[in-house]
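Engineer: Chain order of the listed sequences is A and W. Just so we're aligned: the first sequence equals residues 144 to 463 in the working numbering. Just so we're aligned: the second sequence equals residues 144 to 463 in the working numbering.
Keep in mind that the hints were calculated from the coordinates and are not lab data. Just so we're clear, the structure is a prediction, and the values are computed from it rather than from any experiment. Be aware that one or more of the hints could be misleading.
The list makes no distinction among identical chains, and a pair is therefore deemed to hold if it is satisfied within one copy or across any two copies.
[As the list claims (entries may be wrong)] Within a straight-line C-alpha distance of at most 16 Å, the following computed EDC-like cross-link-like pairs (lysine to aspartate or glutamate) qualify: (1) Lys345 - Asp183; (2) Lys332 - Asp293; (3) Lys345 - Glu328; (4) Lys221 - Glu211; (5) Lys166 - Asp193; (6) Lys365 - Glu214; (7) Lys381 - Glu328.
Number of protein chains: 2
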Amino acid sequence: MVRIGIDMMGGDLAPQEVIKGCKAYISDNTGSTHLVLIGDETKVQPLLADAGIPDNSYTFIHAPEVIEMNEHPTKALKEKQHSSIAIGFHLLATGETDAFISAGNTGAMMVGALFSIKTIEGVSRPTIGAYLPREDGSLGLLVDVGLNADCKPENLNQFATLGSLFARNILNIDNPRTGLLNIGEEEGKGNLLAQAAFPLLKENQHIHFIGNVEGRDLLIDKAEVYVCDGFTGNVILKMAESIYDLVKRRNINDEHFNRFNFEMYGGVPVLGVAKPVIIGHGVSQATAFKNMIRTAVAMLQTGLNEKIKEAFSGTESLKK
Amino acid sequence: MVRIGIDMMGGDLAPQEVIKGCKAYISDNTGSTHLVLIGDETKVQPLLADAGIPDNSYTFIHAPEVIEMNEHPTKALKEKQHSSIAIGFHLLATGETDAFISAGNTGAMMVGALFSIKTIEGVSRPTIGAYLPREDGSLGLLVDVGLNADCKPENLNQFATLGSLFARNILNIDNPRTGLLNIGEEEGKGNLLAQAAFPLLKENQHIHFIGNVEGRDLLIDKAEVYVCDGFTGNVILKMAESIYDLVKRRNINDEHFNRFNFEMYGGVPVLGVAKPVIIGHGVSQATAFKNMIRTAVAMLQTGLNEKIKEAFSGTESLKK
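Required output: the full structure, derived from the provided sequences and hints.
Structural biologist: Below, the structure is given as structure tokens:
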């Protein structure tokens with residue numbers, strides 16, 4: 144049975160929506176998943192008692208402190224060792240949980256993921272991927288979206304491998320087409336980073352590289368995995384998120400544009416670290432939390448991290 | 144009287160739409176602007192004769208060659224010295240025209256702008272800006288959108304000055320708010336480039352710097368000028384263009400999203416070179432060509448380049 148650690152204090156709508164999400168997940172998956180709920184007992188326990196989640200499906204861990212959204216990540220993690228995020232990473236690091244989910248302070252989650260748990264051997268820099276909604280109803284993955292603002296060509300190449308493995312195993316895309324985000328189609332185009340990354344991607348046996356893709360290809364069915372540095376990726380992600388706000392303000396109700404509501408995807412996975420860590424959107428609601436638990440469980444059940452380990456051991460050519 | 148050079152062969156719909164655009168412009172502005180039309184006489188002259196543009200409002204210059212859309216820019220400019228683009232830049236360089244407009248091969252236009260005519264003294268790297276439609280009906284400006292894929296902090300600082308002057312003088316925005324595109328709001332955030340550019344922008348007397356802005360701020364009324372490297376800017380521009388395609392495919396007819404039709408803006412200005420150069424979209428139609436002529440004329444009539452010269456001479460603090 145997999146044990147999923149969940150920060151009950153993380154996000155603007157915590158703990159109410161976190162509890163609802165947990166309940167929704169457990170209703171569909173009783174017996175296969177054990178939830179480890181971490182939070183302030185005075186705030187969470189009364190609500191939890193009323194929620195009707197079966198007692199044997201979770202353990203509650205008291206965390207008297209909370210890292211607020213605007214706190215400095217490194218400082219807060221150091222000073223608030225009894226916060227739900229610090230305890231969550233502690234439980235993950237010591238093996239008491241198998242994954243950790245929080246919609247709390249994003250910076251603290253990044254710092255925790257990078258420094259509390261190990262990076263998979265061979266991975267130089269873990270990455271954060273984000274989903275991109277496509278018109279056919281499927282999802283693409285954009286890596287990196289902010290963990291690595293400055294990148295070396297090798298980093299992009301590794302993001303491609305990590306993203307492709309995630310797309311294959313979690314998004315269930317057979318042979319995900321992987322594109323290098325660039326400002327022109329031909330090899331040789333781009334900034335120095337993209338120019339140097341291209342030949343590495345071309346040689347990468349773990350991915351199905353389709354060459355350069357451009358900004359206009361991000362929202363269409365051109366590739367399943369889009370690779371870029373974390374600066375560009377973060378700008379794209381936030382711009383894509385803002386399209387949804389704009390659509391709502393304009394009173395447009397369109398099935399496809401509704402899928403630009405990034406809240407429903409339930410957070411973005413950190414890839415390349417030894418255990419699944421999912422960073423939720425601050426405004427996550429019940430469905431988002433439910434989906435984050437599903438993603439974490441899928442990452443464990445498909446053995447994604449073992450496959451990543453294999454890929455980075457350099458011995459196996461990996462097609463799932 | 145200002146003399147505007149126009150490539151009659153540039154763009155997918157040339158020369159028909161170029162001619163229509165010229166006619167539309169001249170109808171509104173007889174007597175103040177002289178058009179210098181450059182193209183293949185066998186293809187353009189018959190259509191021109193039928194168009195009914197007053198004879199005394201234009202001069203026709205024969206250019207027997209055309210640089211095609213897919214040709215290598217530097218190579219084509221060198222080999223096709225009798226192409227409309229090469230002749231257009233020649234006329235501009237020798238002072239026979241005051242500005243040059245083309246919707247032809249973008250790369251050739253960039254190379255021509257950089258190497259045929261002088262850069263304004265003090266400008267290290269000219270830049271290309273693109274309009275960003277905003278909900279209030281106004282336009283913001285994004286610089287750079289692809290001329291400089293790799294940038295130094297000083298480049299971004301100069302783009303900010305160039306963009307602000309353009310926004311003030313051409314977009315008629317009194318004191319344009321200028322934001323540094325970044326992945327966090329606070330000073331110190333971002334990649335190394337953004338971190339190093341921030342203090343320069345803060346000290347820049349020619350701009351109204353409002354600090355960092357993020358991807359989510361690009362489509363809203365947060366700043367009038369957004370500054371970033373040409374890699375990021377190009378990805379954003381192409382992604383923004385693709386939103387319009389998506390909206391049309393979804394059969395959405397919304398006043399604001401219709402303004403994401405970048406064709407109607409009629410091309411992007413090259414800033415920092417001694418004379419106005421406007422690079423049109425490949426699919427430009429009559430209105431786009433008309434608008435490009437208007438922009439070029441406005442750049443001349445407001446004395447934009449003199450103001451840029453003044454700003455970069457380092458002696459004058461410039462608020463229009």
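Engineer: All the hints need checking, so say for each whether the structure fits it.
Structural biologist: A quick look at each hint next to the structure:
no., hint, in the structure
1, Lys345 - Asp183, "neither (50 Å within a copy, 42 Å between copies)"
2, Lys332 - Asp293, "between (19 Å within a copy, 12 Å between copies)"
3, Lys345 - Glu328, "within (14 Å within a copy, 36 Å between copies)"
4, Lys221 - Glu211, "within (14 Å within a copy, 61 Å between copies)"
5, Lys166 - Asp193, "within (11 Å within a copy, 74 Å between copies)"
6, Lys365 - Glu214, "neither (39 Å within a copy, 24 Å between copies)"
7, Lys381 - Glu328, "between (24 Å within a copy, 13 Å between copies)"
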